[in-house]
Amino acid sequence: MRNKTHNGNVRITADNQDKMLKLLARTTHIGGDLSIDSNVHADLPALTSLGGYLFIHSNVHADLPALTSLGGYLSIHSNVGEKLAKYLLQTYAKNRSWVLGEGADEILLTSTIQDIEYKISDVAMDKATFDAIRHGTMTASDVFAIENTEIRRVAYERLDKSKMSELKPRVLQEGVESNGKPIKLVEIILPSHDKSFRYLVVIDPSTDREYWLDASSATRATLNGIKLELWGLPDNLEWTRMW
Amino acid sequence: MKLYEHGDMAMVEIERLPDGLTESASRILLEGKSNQHCHRGNGTWYPRVIGQFVVGYFVAKKTALTHLEHGEETGGNLKTAEIADGVYEVRRQSELTHEGMKQVVD
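Note that the protein sequences, when read in sequence, are chains A and B. Be aware that the first sequence starts at 331, since it is given in this note's numbering, and climbs by one per residue. Be aware that the second sequence starts at 34, since it is given in this note's numbering, and climbs by one per residue.
Keep in mind that the hints were calculated from the coordinates and are not lab data. If you're wondering where the values come from, they're calculated on a predicted model, not measured in any experiment. Hints should not be assumed to be uniformly reliable.
If you only want the chain A side, here are some residues facing chain B, beta carbon under 8 Å, derived [as the list claims (entries may be wrong)]:
(1) Ser546
(2) Trp569
(3) Thr570
Even for Gly, the Cβ is constructed at its ideal location relative to N, Cα and C.
Using the sequences and the hints given, assemble the complete structure.
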């Protein structure tokens, strides 16, 4: 018979799930952390206790029907089912740190857990912003009022782009950076401020994500000049490499 | 003169280090607030905040910057970005708002 205790951390991935689930089928205790990666169907019917953290990533089906003890914090980004969600809530709402993603059970997302962080696409944000993004209730003006550029980026990615028309966007300049990525300067009008704002829209070379950076008070005429101005650099420099 | 963009961090080659710096044991040059993603570098790091942009100075020798998102895929969790040996001023990006400069917070 297999050993029922697994010492150390366990990470179940889409690639190793068959092997790991077979290995853990009768395991009752995992000494370290349990991390279940995205796109994994993980049934651990015998697991009753976990010494470390519980990470359940997005788009995971996790069935942990016997789990009654947890040592570390919880990071849950998928629906874990009402039974487990209620158990975790009743037992750990007040004595553990939590991270919840938008895929978590509604019972968790609407709870009054004390020590909690909300994340979308691995970006932490306050509950009001988190709810507005996941429910699609943000206006385009709301998005551009967000100060944190990473949260603004996530909110913009999730924004119904037909809402952008309320800001009357106007492309002032378009070009291509030395790495081949497009760059542009866009003017929008925020009704809440009743004035125009200029944003330098750049593509991150490593992730291909689009960032809107406020350049309303930039003084330079060229796109690269404005970009350099965002770092307080002189107008005449060329980038050696961008990542 | 070398000039690198590494997410919201820029590294500008300079001739020599300013006087009066203190080396840090840390290898974290900059850290995101909403995602805790760190810009790290295996070189000599001298943190010193000057004004809105400069966060410190860095001496690179066979240096690869590492970050969860910025750099080349190398098979591990972190991406790497190799920079030329030299002395660099490390700068943080700001936004230029109607109200003035605001450091990019990510």
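Problem - Proposed interface contact between Trp569/A and chain B, which counts if any beta carbon pair is under 8 Å - result: Check passed: Cβ of Trp569/A comes within 5 Å of chain B, closer than 8 Å.
Exercise for the section: Hold the hint about Ser546/A up to the distance rule: shortest CB distance to chain B must be less than 8 Å. Expected result: Because about 5 Å separates Ser546/A from the closest Cβ in chain B, which is inside the 8 Å limit, the hint holds.
Problem - Evaluation of the interface hint that places Thr570/A against chain B, nearest CB under 8 Å - result: Since the shortest Cβ distance to chain B is 5 Å, the answer is holds.
Every hint, counting from the list given before, is met by this structure.
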